[in-house]
Each structure stands twice: as C-alpha cells, then as structure tokens.
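*Asks:* Residue-level listing of the chains:
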Amino acid sequence: MTVDSFKFLPRIIATYYRMAEVERRLPIPWTPLPRPLSECTVGLVTSGGLYLRDSQPPFDLEREKQQPTWGDPTYRPIPTNVHPADLGVGHLHYNARDAEADFNILLPIEPLKRLAENGFIGAVAPEHFSFMGFQGFPPDTTAWEKTYGPEVADRFVHAGVDCVILTPA
Amino acid sequence: MPVLARTLEAAGLATVVISMMPYWAERIGTPRTLGVEFPFGHPLGQPRDAEMHLRVLRQALGLLEQAEEPGTIVHSPETWPEPVEEATRDWQPPQPSPIIAALRPRFREILRKSRRGSPPPS
Numbered sequence: 001m002t003v004d005s006f007k008f009l010p011r012i013i014a015t016y017y018r019m020a021e022v023e024r025r026l027p028i029p030w031t032p033l034p035r036p037l038s039e040c041t042v043g044l045v046t047s048g049g050l051y052l053r054d055s056q057p058p059f060d061l062e063r064e065k066q067q068p069t070w071g072d073p074t075y076r077p078i079p080t081n082v083h084p085a086d087l088g089v090g091h092l093h094y095n096a097r098d099a100e101a102d103f104n105i106l107l108p109i110e111p112l113k114r115l116a117e118n119g120f121i122g123a124v125a126p127e128h129f130s131f132m133g134f135q136g137f138p139p140d141t142t143a144w145e146k147t148y149g150p151e152v153a154d155r156f157v158h159a160g161v162d163c164v165i166l167t168p169a
Numbered sequence: 001m002p003v004l005a006r007t008l009e010a011a012g013l014a015t016v017v018i019s020m021m022p023y024w025a026e027r028i029g030t031p032r033t034l035g036v037e038f039p040f041g042h043p044l045g046q047p048r049d050a051e052m053h054l055r056v057l058r059q060a061l062g063l064l065e066q067a068e069e070p071g072t073i074v075h076s077p078e079t080w081p082e083p084v085e086e087a088t089r090d091w092q093p094p095q096p097s098p099i100i101a102a103l104r105p106r107f108r109e110i111l112r113k114s115r116r117g118s119p120p121p122s
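Residue numbers (the numbering used here), protein chains in the order written: chain L, 1 to 169; chain Z, 1 to 122.
It should be emphasised that the hints constitute simulated quantities derived from the structure, not laboratory data.
C-beta: ideal position from N, C-alpha, C; glycine also.
Wrong hints could be hidden among the right ones.
Partner residues aside, some chain L positions facing chain Z, computed with beta carbon under 10 Å [stated by the list, open to error]: (1) T15; (2) V42; (3) G43; (4) A96; (5) A101; (6) L107; (7) P111; (8) A153; (9) V157.
Which stretches of chain Z does chain L cover? Using the computed rule of at least three CB atoms under 8 Å from a CB of chain L, they are [claimed, not checked]: (10) 5-13; (11) 33-44; (12) 64-76; (13) 80-93; (14) 100-114.
Please build the complete structure, drawing on both the sequences and the hints.
*Replies:* This is the structure:
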C-alpha cells in the first residue's frame, strides 16, 4: 500500500502544501540505532501543541491570530507519568476533540509503556516534548533548528535516551 | 516535524517520524518515516483504539531497526475506518486557521485558474 498524503485534505489545504516551497537538503543526517530495540530507551516528540494546563503557559495562539504568518516555536516538556486530565491542547490547525478524548493518538505514552513492560523496548524516557507544529508561512524553522531542537536533543541525551518517535499533528 | 527529526538525528539520536504526509517527509528529506493514511491530528489512529496505537508504534519502532539508509519511507498498511468525506470534515478546526483564512482568496484564484486550463502549481 502507498499512503495518499492528500486523501483527507480539502482542496484549499492541498493547494497550500503543493505551493509551499521546500528544498530537499542533503545529506540527510543519520544515527544508527546504537543497540537492540529491547535495550533502547525511547522518547517522544509531538507537534500537536500539548501542554500542562496548570503549570505551563499555553502556546501563543493570540499572537498567531494577530499575525497569521507567525507560529510559536517554543516547546513544553511532558513527564511520562502525566495525568491525562492535566494535558491541554493549543493548536489552531486541527480539531483537538479526539486528542482531548485520548492524548495517546498524539503522544503515545501508554502504548509505549506497554511495549516496555513486555520487553519490546528497553525503557520509556522520563520526559517527552511537545511543540506546536505551525511555524509560519512561509515556514521559518530557524528557532527549531538553532535553539529548541538542540535543547530537546540535549535533554534526551542526558536522560540516556537512544531513539525518538516524532508524531506531527 | 522533518526539521526536528533531522536536528535530533544530527545530535546523535535515532529518529522515526510517523507522518500523515509522507509526501512532505520525502520533499524535505527525513531519516526514517512511517507513512500513515490517517487524517491530520491522528498519527496513532482513532482515540481509544489501543490495539491500533500499539500496531502503529510497533511498525515505527521496527523501522528504527530495519532502515538501512537515510530517507527511508515505509507505508503502513493500516486503513482509516471512517468514510473519506466524514474524516476530512472531522479533523479540521472549528474555525479555519488564521493563515488559511488570510490566504483563502489567493488560493481560490489559483484553483479557479487551474480549472480554466492553466497548469496547477507544482
């Protein structure tokens, strides 16, 4: 089966993606898996705009509403033992109803814990990270590449994480 | 998201992106991508379908072990259980996002021209 990337897109959003200019940058970075999966510690990164409702500021959607070509580049750490009721969603580009009903569709902490319990992976990272995926139009990912991406990588490396699953919204 | 995957990969972490848009992952160049034919906002599938989430996660993790070169894209065999029209409507935000609202007149013009026979944007 070949996935049709445009299957669920209305024409206007399909046009948006077809128009967006993007350059394929080579070489693509590569880190081989350092040990068997059953010994790896696995972390998660989502761009679904999740945040901790009571202790973290939401993503800056008010500024995006005033300035539609801008998107908040910051991130929020989400601990593995987060209680589902503590998670909020701040993202203007998809309907958050399903994610609010079950955040595992975006940040699959519970299934990852099951895979650690049955030995498919070694361990689950102590914390995961959430971004808000819209980075402006035309997209400007400079802050992700220069600041926030390397910060998240450092935190993962210090926590002994080997590999990361990324889940865009 | 491909940009974040590249940044983490360059810092010494093995990454895999679970993407509803493998088209985009291919254009930018992502280390490893599992394409899923799901509506936006649902990389692991439908809410409360724990078995589906596990299957997708196992496919993504398997790619970490099996992929042998950067740019590997594997397409998941999972299918979305709802009709296309319904799923297309349901994933979209209650209000169009600010950028879509701002660009809509321009895009409408492009679509109108492409229907009149000019080549569509590539």
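*Asks:* Against each hint, give a clear statement of whether it holds in the structure.
*Replies:* Hints, one by one, checked against the model:
{"no.": "1", "hint": "T15", "result": "holds, 5 Å"}
{"no.": "2", "hint": "V42", "result": "holds, 7 Å"}
{"no.": "3", "hint": "G43", "result": "holds, 8 Å"}
{"no.": "4", "hint": "A96", "result": "holds, 7 Å"}
{"no.": "5", "hint": "A101", "result": "holds, 4 Å"}
{"no.": "6", "hint": "L107", "result": "holds, 9 Å"}
{"no.": "7", "hint": "P111", "result": "holds, 4 Å"}
{"no.": "8", "hint": "A153", "result": "holds, 3 Å"}
{"no.": "9", "hint": "V157", "result": "holds, 6 Å"}
{"no.": "10", "hint": "5-13", "result": "holds (count 9)"}
{"no.": "11", "hint": "33-44", "result": "holds (count 10)"}
{"no.": "12", "hint": "64-76", "result": "holds (count 7)"}
{"no.": "13", "hint": "80-93", "result": "holds (count 8)"}
{"no.": "14", "hint": "100-114", "result": "holds (count 9)"}
Consistency note: the structure conflicts with none of the earlier hints.
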